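Engineer: Residue-level listing of the chains:
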Amino acid sequence: GNSVTQMEGPVTLSEEAFLTINCTYTATGYPSLFWYVQYPGEGLQLLLKATKADDKGSNKGFEATYRKETTSFHLEKGSVQVSDSAVYFCAQSNTGNQFYFGTGTSLTVIP
Amino acid sequence: DTAVSQTPKYLVTQMGNDKSIKCEQNLGHDTMYWYKQDSKKFLKIMFSYNNKELIINETVPNRFSPKSPDKAHLNLHINSLELGDSAVYFCASSLGGVGNTIYFGEGSWLTVV
Numbered sequence: 001g002n003s004v005t006q007m008e009g010p011v012t013l014s015e016e017a018f019l020t021i022n023c024t025y026t027a028t029g030y031p032s033l034f035w036y037v038q039y040p041g042e043g044l045q046l047l048l049k050a051t052k053a054d055d056k057g058s059n060k061g062f063e064a065t066y067r068k069e070t071t072s073f074h075l076e077k078g079s080v081q082v083s084d085s086a087v088y089f090c091a092q093s094n095t096g097n098q099f100y101f102g103t104g105t106s107l108t109v110i111p
Numbered sequence: 001d002t003a004v005s006q007t008p009k010y011l012v013t014q015m016g017n018d019k020s021i022k023c024e025q026n027l028g029h030d031t032m033y034w035y036k037q038d039s040k041k042f043l044k045i046m047f048s049y050n051n052k053e054l055i056i057n058e059t060v061p062n063r064f065s066p067k068s069p070d071k072a073h074l075n076l077h078i079n080s081l082e083l084g085d086s087a088v089y090f091c092a093s094s095l096g097g098v099g100n101t102i103y104f105g106e107g108s109w110l111t112v113v
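As given, the protein sequences belong to chains A and B, one line each in that order.
Going by this note's numbering, the first sequence opens with residue 1, and the numbers climb by one from there.
Going by this note's numbering, the second sequence opens with residue 1, and the numbers climb by one from there.
Careful, some of the hints might be misleading.
Unchecked claim - Incomplete in silico selection of chain B near chain A, CB under 8 Å: (1) 41; (2) 42; (3) 48; (4) 83; (5) 97.
To be verified - From the derived model, a few chain B residues whose C-beta atoms are all more than 12 Å from chain A: (6) 20; (7) 29; (8) 60; (9) 62; (10) 100.
No lab work stands behind these hints, which were simulated from the structure alone.
No experiment lies behind these values; they were computed from the predicted model shown.
All residues carry an ideal CB built from backbone N, CA and C; glycine is no exception.
Starting from the given sequences, assemble the full structure and let the hints guide the process.
Structural biologist: Laid out in C-alpha cells, this is it:
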C-alpha cells in the first residue's frame, strides 16, 4: 500500500543549527513527493515538491531530494531560524487525487 | 483572494448539537477534501469529492455527512456532536493529475463542550 513515515518529534534546535527531518515512503509506482509546513494556528502550506527520481525541491533555504533507491525524501536546511518553528509534513501522491501524509514533525528553534 | 476558504474558523458548541462547516475554493480544482487533525497534529482524510462525486469515504461515523452542491464547494455537516469530535477540520482542494499540489484552507477549530 501507500504510506509515508517521518521521524517523530518534537525536534528542538538552536538558531543556525543544521536541520534534517527524515521521510521515507512506500508506494505503487513513482509518486510525487511533497513537504508541507504548518505554522501555529494556520493551515498546511506547500514548502517544496519533487515529481520524479533525483529531482531536488527547494524553497526558503529548505531542500529535499527524491531518492528512488532508498524511497526517501529527507528535508534539510543548513541554518534554521526561529521563524522556522512549525510542524512539517511529508506527503506523497500518485494521482494528484489522493494524498498520503506522514504524522508530522514539530520543530522548535530557540534563539 | 483566499484560494480555499472555510467558515467558521472557530466553533464552540455543546454535545448533541448539529453544526456545519462550509468550504469554497476559487482555484478551479476538480477535487475537494475534508481532513481532520487531532491534538497530536495527526492528519486524517475523511472524504474526497471529484466533480461533486464522492471518491474517498474513510471510516468516519455516519454523523458526518459531506455535501458538494458544485465542484467549488464542499460542506461538512456533523450531527449529534460528541466530545471526541473536537479537532481542527481542514478543507482542501487539488487539480488532480500527477505532480499537482493539494491546497489547504486555514482550518476550522471545533470544540465540543
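Engineer: For every hint, state whether the structure bears it out.
Structural biologist: Here is what the structure says about each hint:
1. 41: Given a least distance of 4 Å, the restraint on residue 41 of chain B holds.
2. 42: Interface hint status for residue 42 of chain B: holds (6 Å vs cutoff 8 Å).
3. 48: holds, 7 Å
4. 83: violated, 22 Å
5. 97: Since chain A brings a Cβ to about 4 Å from residue 97 of chain B, closer than 8 Å, the hint holds.
6. 20: holds, 19 Å
7. 29: Its Cβ does come within 12 Å of chain A, the nearest being 10 Å, so this is violated.
8. 60: holds, 16 Å
9. 62: holds, 22 Å
10. 100: violated, 4 Å
Of the numbered hints listed earlier, those contradicted by the structure are 4, 7 and 10.
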